[in-house]
Amino acid sequence: MSILVTGGAGYIGSHAVKELCRQGYEVVVLDDLSTGREALLLDVPFYRGDIADAHLVKRIVQTHHVEALIHFAAKSLVAESMRAPERYFLENTAKSVQLFSALIQEGVRHIVFSSTAAVYGMPDTVPIPESTNCRPVNPYGQSKLMIEQALFWLEQAHGIRWTALRYFNAAGASPDGDLGEWHEPETHLIPLVLQTALGQRDELLIYGNDYDTPDGTCIRDYIHVVDLATAHIAALEGLRKGRLPSGPLNVGTGIGYSVRQVVETAMEVTGRAIPFRYVERRPGDPPVLVAATDKIRTLLDWEPNRSDLRTIIADAWNWHKTINRD
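Quick note, the sequence shown lines up with residues 40 to 365 if you use the numbering used here.
The hints are all genuine.
Derived Cβ-Cβ restraints for the label pairs, each shown as a range: (1) Glu223 / Gln144: 34 to 42 angstroms; (2) Pro314 / Glu276: 43 to 51 angstroms; (3) Pro314 / Cys60: 38 to 46 angstroms.
Honestly, the hints are just simulated from the structure, not real lab data. Just so it is clear, CB atoms sit at the ideal spot from N, CA and C, and this is done for glycine as well.
When you get a sec, could you build the whole thing from the sequences and use the hints?
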């Protein structure tokens with residue numbers, strides 16, 4: 040029996056594939072390589088294709104005896120989703136439902152969906168519990184929430200078991216330096232900070248220093264990508280063993296760090312100056328986003344092991360300063 044990982048050539052997906060293999064799972068990857076890179080893949084069966092290609096999905100299931108899905112494949116740029124919302128509702132929502140339909144027809148009943156804290160929008164309560172009303176403020180978050188809603192109704196109709204992992208700010212790199220975070224364009228804070236430390240950027244732009252936080256900059260909950268990978272596997276096992284009810288789970292640490300704290304910690308870790316400049320706030324940026332993590336810790340006995348800020352930055356730095364971009 041195999042686990043199908045969609046988006047397994049991407050940043051988070053590739054770390055999940057690596058951890059699955061380390062734990063002895065049989066894995067097969069489906070990725071269109073629109074943002075992922077085949078070079079990230081380990082020695083696992085790989086199919087380049089569209090998750091909405093029902094014939095391909097069914098062939099993969101039949102060939103590899105797939106018993107469960109971990110679904111990472113998605114478009115994930117907030118700004119792009121504001122410019123082209125139709126692309127996000129097609130590529131994320133509609134294609135995910137087509138993927139689920141093909142899998143259900145082949146008897147696959149366990150689905151771990153890589154969701155996002157963006158489903159919450161501007162939360163009323165921090166730390167944010169899963170019971171918070173979801174009010175996404177961009178099409179990216181809305182497209183992911185709609186997938187969660189589709190999974191709910193597919194469970195009612197077909198008896199699948201599922202969980203949606205609403206993770207906060209994924210960061211870091213594999214401790215051995217094999218895998219790391221690289222996007223085009225890059226929008227995530229820690230890679231931008233480290234690229235500035237390496238001289239690949241002249242300066243870091245910090246969007247707003249007048250928030251109602253201790254140093255005026257936004258606070259976020261950073262989760263190490265390896266911890267995120269283990270959370271997906273723990274969720275899968277929870278579903279398979281019947282101890283995890285279907286529904287959403289936050290994945291974070293419950294601890295927030297400000298943009299300034301990230302920059303200052305990066306300067307300590309790298310030993311380099313990181314020039315930065317304050318600019319206007321970005322519309323829709325909440326001052327604080329921190330996860331309430333009681334549910335995942337209780338239901339799955341899961342704990343983050345590498346998600347202190349210094350370790351996240353040190354692992355990312357190790358990867359960024361050695362990787363060949365060519």
